[in-house]
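Chemist: Throw the hints in and build the complete structure from the sequences for me.
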Amino acid sequence: AQTVTQSQPEMSVQEAETVTLSCTYDTSESNYYLFWYKQPPSRQMILVIRQEAYKQQNATENRFSVNFQKAAKSFSLKISDSQLGDTAMYFCAYVSGGSNYKLTFGKGTLLTVNP
Amino acid sequence: DAGVIQSPRHEVTEMGQEVTLRCKPISGHNSLFWYRQTMMRGLELLIYFNNNVPIDDSGMPEDRFSAKMPNASFSTLKIQPSEPRDSAVYFCASSEATEGTEAFFGQGTRLTVV
Numbered sequence: 756a757q758t759v760t761q762s763q764p765e766m767s768v769q770e771a772e773t774v775t776l777s778c779t780y781d782t783s784e785s786n787y788y789l790f791w792y793k794q795p796p797s798r799q800m801i802l803v804i805r806q807e808a809y810k811q812q813n814a815t816e817n818r819f820s821v822n823f824q825k826a827a828k829s830f831s832l833k834i835s836d837s838q839l840g841d842t843a844m845y846f847c848a849y850v851s852g853g854s855n856y857k858l859t860f861g862k863g864t865l866l867t868v869n870p
Numbered sequence: 011d012a013g014v015i016q017s018p019r020h021e022v023t024e025m026g027q028e029v030t031l032r033c034k035p036i037s038g039h040n041s042l043f044w045y046r047q048t049m050m051r052g053l054e055l056l057i058y059f060n061n062n063v064p065i066d067d068s069g070m071p072e073d074r075f076s077a078k079m080p081n082a083s084f085s086t087l088k089i090q091p092s093e094p095r096d097s098a099v100y101f102c103a104s105s106e107a108t109e110g111t112e113a114f115f116g117q118g119t120r121l122t123v124v
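Sequences listed follow chains A and B, in order. Be aware that the first sequence starts at 756, since it is given in our numbering, and climbs by one per residue. Be aware that the second sequence starts at 11, since it is given in our numbering, and climbs by one per residue.
For the record, the hints were derived by calculation from the structure and aren't laboratory data. Given the structure is predicted, the values throughout are model-derived calculations rather than measurements. Note that beta-carbon positions come from the ideal geometry of N, C-alpha and C, so glycine has one too. No false leads were mixed into what you were given.
Mimicking DSBU-like on lysine-lysine, the simulated pairs with C-alpha atoms at most 30 Å apart in a straight line are:
(1) K862(A) x K34(B)
(2) K810(A) x K862(A)
(3) K862(A) x K78(B)
(4) K810(A) x K825(A)
Here are the in silico distance ranges between beta carbons for each label pair:
(5) E807(A) x P64(B): 23 to 31 Å
(6) N822(A) x E93(B): 38 to 46 Å
(7) T122(B) x T815(A): 35 to 43 Å
(8) K88(B) x S854(A): 21 to 29 Å
(9) P94(B) x P796(A): 20 to 28 Å
Modeler: Here you go:
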């Protein structure tokens with residue numbers, strides 16, 4: 756079974772600075788997808804960014820980018836120019852390729868952006 | 011589309027009572043998931059349906075929990091009888107049955123069993 760580990764339960768960053776959240780995963784599969792979801796205090800789960808394992812290029816989405824290291828099974832999220840609205844729980848998630856669509860989540864990292 | 015719709019948003023019930031949580035997935039989505047979120051255990055997958063058929067229910071804690079999907083636009087998660095340790099936020103999510111597609115989440119139901 757796949758596992759996802761987020762080793763940082765909490766982090767904080769000053770507004771406008773850059774922060775990196777860590778995620779590692781364990782799998783024997785070669786075809787899979789990785790996601791970062793954000794959960795603000797409203798409780799809504801929001802997709803931040805998605806990475807296909809077969810792509811070497813790291814995904815980017817505006818201020819959000821990932822560092823995907825397939826051999827090391829590492830998938831970190833970098834947030835540039837942090838904003839107060841980025842304060843949230845961030846979850847790393849894994850889904851297998853093929854026809855199994857269920858997501859496996861890490862325990863999450865609580866990010867606080869300070870003014 | 012209105013997104014995934016869950017009801018109720020909050021539920022407070024007494025131990026031993028039956029609780030039913032409801033979910034309407036996004037139209038056209040073939041996969042539906044029920045997750046439970048607690049501080050201790052994070053987000054746990056309880057059950058996963060594909061085309062209304064349960065595919066994986068290995069996360070359902072025990073026989074007190076049951077889930078149904080009678081049609082493509084409705085699912086329920088029932089707890090009978092409820093216990094205080096069932097207190098959690100329950101999320102429903104749906105996705106297209108396409109490799110690597112994202113799951114869209116409802117706003118969750120916060121269940122408190124007293």
